[in-house]
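J.: Order-wise, the sequence lines are chains A and B.
Its first residue numbered 3, the first sequence is counted upward by one per residue in the working numbering.
Its first residue numbered 10, the second sequence is counted upward by one per residue in the working numbering.
In case anyone wonders, no lab produced these hints; they're calculated from the structure.
Computed from a predicted structure; not experimentally measured.
A hint or two may mislead.
[Said to hold, decoys possible] Cut-off 30 Å, straight-line C-alpha distance, at most; resulting in silico cross-link-like pairs (DSS-like, lysine-lysine):
| hint | chain 1 | residue 1 | chain 2 | residue 2 |
| --- | --- | --- | --- | --- |
| 1 | B | Lys-115 | A | Lys-184 |
| 2 | A | Lys-317 | B | Lys-60 |
| 3 | A | Lys-190 | A | Lys-145 |
| 4 | B | Lys-62 | A | Lys-319 |
| 5 | B | Lys-60 | A | Lys-145 |
| 6 | B | Lys-254 | A | Lys-286 |
| 7 | B | Lys-62 | A | Lys-286 |
| 8 | B | Lys-223 | B | Lys-34 |
| 9 | A | Lys-294 | B | Lys-250 |
| 10 | B | Lys-247 | A | Lys-110 |
| 11 | B | Lys-250 | A | Lys-224 |
| 12 | A | Lys-17 | B | Lys-250 |
| 13 | B | Lys-60 | B | Lys-115 |
| 14 | A | Lys-17 | B | Lys-254 |
| 15 | B | Lys-62 | A | Lys-279 |
| 16 | A | Lys-54 | B | Lys-34 |
| 17 | B | Lys-254 | B | Lys-62 |
| 18 | B | Lys-115 | A | Lys-294 |
| 19 | A | Lys-184 | B | Lys-62 |
| 20 | B | Lys-223 | A | Lys-211 |
| 21 | A | Lys-319 | B | Lys-231 |
| 22 | A | Lys-31 | A | Lys-150 |
| 23 | A | Lys-54 | B | Lys-250 |
| 24 | B | Lys-223 | A | Lys-139 |
[Stated by the list, open to error] To spell it out: a stretch of chain A is covered by chain B in this simulated footprint if at least three of its residues, at any positions, have a beta carbon under 8 Å from a beta carbon of chain B; those stretches are:
| hint | segment |
| --- | --- |
| 25 | 24–35 |
| 26 | 40–54 |
| 27 | 85–94 |
| 28 | 160–171 |
| 29 | 215–226 |
| 30 | 277–284 |
| 31 | 291–299 |
Cβ atoms here follow ideal geometry from the backbone N, Cα and C, with glycine treated the same way.
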Amino acid sequence: MVLIYIDHSEKEIKKSSHEAISYGAAIAKQLGCSSEALLLGTVNDDLTALGKLGASKVHQLNNETLNNFDAKVHASLIATAATHLNAEVIVFAHNINGKAIAPAVAVKLDAGIVTGACSLPNLQNGFEVTKTVFSGKAFASIKIETPKKVIAINQNSFGIENYELGATIEEVNLPIPTASVKVTNVNKIIGEIPLTEANLVVSGGRGLKGPENWGILLNLAKALGAATACSRPVSDSDWRPHHEHVGQTGIQIAPNLYIAIGISGAIQHLAGVNRSKTIVVINKDPEAPFFKAADYGVVGDAFEVVPALTAAISKMKHNE
Amino acid sequence: MNILVCISKTPDTTAKIAFTEGNTKFDENGVQWIINPYDEWYSLVRAIEIKEKDPTTNIHLITVGGPEAEPIIRKALALGGDEAIRVNINSNDSYVIAQQIATVAKQASYDLIMTGKETIDYNSACIGSMLSAILDLPFVSLANHLEMNGNTATIQREIEGGEETNEVILPMIISCQKGMAEQRIPNMRGIMAARTKPLKVLDPVATNAHTSIKEFSLPPAKTGVKLITPDQMEELVKLLKEEAKVI
Numbered sequence: 003m004v005l006i007y008i009d010h011s012e013k014e015i016k017k018s019s020h021e022a023i024s025y026g027a028a029i030a031k032q033l034g035c036s037s038e039a040l041l042l043g044t045v046n047d048d049l050t051a052l053g054k055l056g057a058s059k060v061h062q063l064n065n066e067t068l069n070n071f072d073a074k075v076h077a078s079l080i081a082t083a084a085t086h087l088n089a090e091v092i093v094f095a096h097n098i099n100g101k102a103i104a105p106a107v108a109v110k111l112d113a114g115i116v117t118g119a120c121s122l123p124n125l126q127n128g129f130e131v132t133k134t135v136f137s138g139k140a141f142a143s144i145k146i147e148t149p150k151k152v153i154a155i156n157q158n159s160f161g162i163e164n165y166e167l168g169a170t171i172e173e174v175n176l177p178i179p180t181a182s183v184k185v186t187n188v189n190k191i192i193g194e195i196p197l198t199e200a201n202l203v204v205s206g207g208r209g210l211k212g213p214e215n216w217g218i219l220l221n222l223a224k225a226l227g228a229a230t231a232c233s234r235p236v237s238d239s240d241w242r243p244h245h246e247h248v249g250q251t252g253i254q255i256a257p258n259l260y261i262a263i264g265i266s267g268a269i270q271h272l273a274g275v276n277r278s279k280t281i282v283v284i285n286k287d288p289e290a291p292f293f294k295a296a297d298y299g300v301v302g303d304a305f306e307v308v309p310a311l312t313a314a315i316s317k318m319k320h321n322e
Numbered sequence: 010m011n012i013l014v015c016i017s018k019t020p021d022t023t024a025k026i027a028f029t030e031g032n033t034k035f036d037e038n039g040v041q042w043i044i045n046p047y048d049e050w051y052s053l054v055r056a057i058e059i060k061e062k063d064p065t066t067n068i069h070l071i072t073v074g075g076p077e078a079e080p081i082i083r084k085a086l087a088l089g090g091d092e093a094i095r096v097n098i099n100s101n102d103s104y105v106i107a108q109q110i111a112t113v114a115k116q117a118s119y120d121l122i123m124t125g126k127e128t129i130d131y132n133s134a135c136i137g138s139m140l141s142a143i144l145d146l147p148f149v150s151l152a153n154h155l156e157m158n159g160n161t162a163t164i165q166r167e168i169e170g171g172e173e174t175n176e177v178i179l180p181m182i183i184s185c186q187k188g189m190a191e192q193r194i195p196n197m198r199g200i201m202a203a204r205t206k207p208l209k210v211l212d213p214v215a216t217n218a219h220t221s222i223k224e225f226s227l228p229p230a231k232t233g234v235k236l237i238t239p240d241q242m243e244e245l246v247k248l249l250k251e252e253a254k255v256i
């Protein structure tokens with residue numbers, strides 16, 4: 003059986019877990035077994051609808067205290083549940099919480115693990131999974147040598163598949179270990195799309211010359227419904243908040259569309275965004291290295307190009 | 010307080026990524042090695058700041074790797090660790106590495122074990138989480154702020170679209186990222202002192218690897234950028250909608 007861990011926040015299942023369910027279901031199909039999901043805590047989502055993503059059952063440990071994430075407690079419960087349910091493969095989203103617990107679960111189950119996976123397993127020669135390495139600059143095919151396997155799938159690398167299934171819900175009863183982490187405050191930036199969950203991202207660099215010029219970028223993001231990001235020099239100069247910094251030492255993202263405005267495209271920046279499906283580069287310097295990594299490029303002054311692009315987007319949305 | 014800082018050697022961020030031996034090995038030819046930036050800039054520097062506030066703090070550094078890892082561990086000592094341990098084994102399997110660190114940690118009593126959020130070469134982000142399972146300790150990942158108050162750590166960690174504040178009673182494991190501290194450059198006094206700081210070399214404990222790397226590959230080269238003139242923004246929108254199908 004393939005067991006998929008469902009991550010959630012503020013009573014809502016994360017988008018990355020939807021993808022993990024479809025990924026797990028595809029592995030189950032390869033192995034000829036069932037794909038079932040595991041939820042620790044409570045959510046407002048309709049759990050039977052997870053069948054549409056590929057889960058035939060949802061095992062739920064229905065206890066509100068688990069809505070506070072505690073890596074030690076969560077990893078221990080997942081490992082125990084996986085053992086009881088006799089799971090062969092345990093799938094996580096390679097997101098913030100997945101990174102904290104998947105390796106611990108692997109240790110507890112004596113399972114080999116591949117994190118940052120970006121392909122279905124290749125079963126021709128055992129069990130090999132491809133992952134991104136060198137910050138997205140290369141791939142490695144990793145063979146898992148143990149009977150049990152743990153895989154954490156990169157966000158936005160597999161997609162969502164549709165199944166004609168309704169999931170059944172089964173209560174799990176396990177003793178809950180004492181909490182090791184006390185959550186004392188949660189500070190969510192309201193009204194913004196979290197960068198790591200965003201499909202569309204508009205990002206600015208030093209070419210915008212100063213924080214006072216960010217209006218054109220914000221307008222474009224608003225017209226698209228995109229999240230905003232920036233390059234390292236911009237966050238280092240405090241033009242934009244640190245949580246917007248994408249790149250090797252900032253956040254690594256893989257949206258469907260990344261629009262880079264006034265970013266030259268240093269290798270460290272590319273390492274954070276090169277898994278984006280489509281890259282648009284707007285830069286007045288035709289020699290900017292970013293053009294080599296781009297799908298579409300506009301050589302021109304951002305202060306003219308960006309408002310024109312925003313207008314074109316708005317017009318397209320208006321006509322829809 | 011006793012802190013163990015995990016240090017990994019990685020290629021420089023601008024290193025050319027190429028492979029040899031039938032794409033089974035990373036090509037180390039001409040590669041400059043550095044301390045993994047997350048280990049150095051965030052985790053080690055924060056440990057040093059804690060020691061500056063409380064000089065009774067001991068900072069031990071640990072790296073798992075062959076003798077070629079010694080220059081980077083000397084650099085880490087120059088920044089400010091008290092002593093270093095190198096476990097003499099090269100492995101690409103996170104579990105093997107975590108077992109080496111855990112074995113050392115079990116023989117001492119560390120209040121805090123610090124790692125970077127991931128290494129910039131294999132990007133596995135496994136060691137902290139694995140250590141928490143092997144040592145049965147609390148773990149907070151992707152931390153960008155850490156304050157000590159007696160035996161309680163107050164930590165801010167990244168969550169999707171925000172931050173969360175956690176309180177944890179030591180001992181614990183923490184993985185660090187941007188925001189935790191600022192990069193430092195070792196000064197001459199540090200570099201001189203590092204030469205005589207103890208660097209212990211330990212034999213590895215036998216551990217079976219759970220995984221092995223079979224092949225590396227490079228992403229397909231982009232087919233070339235399609236240039237659109239600044240007065241053709243409606244055309245660009247059309248391409249994004251109909252050709253790329255991303256909006």
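J.: Hints first: check each against the structure and report whether it holds.
T.: Hints versus structure:
no. : hint                    : result
1   : B:Lys-115 <-> A:Lys-184 : holds, 25 Å
2   : A:Lys-317 <-> B:Lys-60  : violated, 58 Å
3   : A:Lys-190 <-> A:Lys-145 : violated, 39 Å
4   : B:Lys-62 <-> A:Lys-319  : violated, 56 Å
5   : B:Lys-60 <-> A:Lys-145  : violated, 42 Å
6   : B:Lys-254 <-> A:Lys-286 : holds, 26 Å
7   : B:Lys-62 <-> A:Lys-286  : violated, 48 Å
8   : B:Lys-223 <-> B:Lys-34  : holds, 9 Å
9   : A:Lys-294 <-> B:Lys-250 : holds, 22 Å
10  : B:Lys-247 <-> A:Lys-110 : violated, 51 Å
11  : B:Lys-250 <-> A:Lys-224 : holds, 17 Å
12  : A:Lys-17 <-> B:Lys-250  : holds, 22 Å
13  : B:Lys-60 <-> B:Lys-115  : holds, 22 Å
14  : A:Lys-17 <-> B:Lys-254  : holds, 20 Å
15  : B:Lys-62 <-> A:Lys-279  : violated, 46 Å
16  : A:Lys-54 <-> B:Lys-34   : violated, 41 Å
17  : B:Lys-254 <-> B:Lys-62  : violated, 54 Å
18  : B:Lys-115 <-> A:Lys-294 : violated, 49 Å
19  : A:Lys-184 <-> B:Lys-62  : holds, 25 Å
20  : B:Lys-223 <-> A:Lys-211 : violated, 46 Å
21  : A:Lys-319 <-> B:Lys-231 : holds, 29 Å
22  : A:Lys-31 <-> A:Lys-150  : holds, 17 Å
23  : A:Lys-54 <-> B:Lys-250  : holds, 26 Å
24  : B:Lys-223 <-> A:Lys-139 : holds, 17 Å
25  : 24–35                   : violated (count 0)
26  : 40–54                   : violated (count 0)
27  : 85–94                   : violated (count 0)
28  : 160–171                 : violated (count 0)
29  : 215–226                 : violated (count 1)
30  : 277–284                 : holds (count 4)
31  : 291–299                 : holds (count 7)
When the structure is compared with the earlier hints, violations turn up for hints 2, 3, 4, 5, 7, 10, 15, 16, 17, 18, 20, 25, 26, 27, 28 and 29 and for no others.
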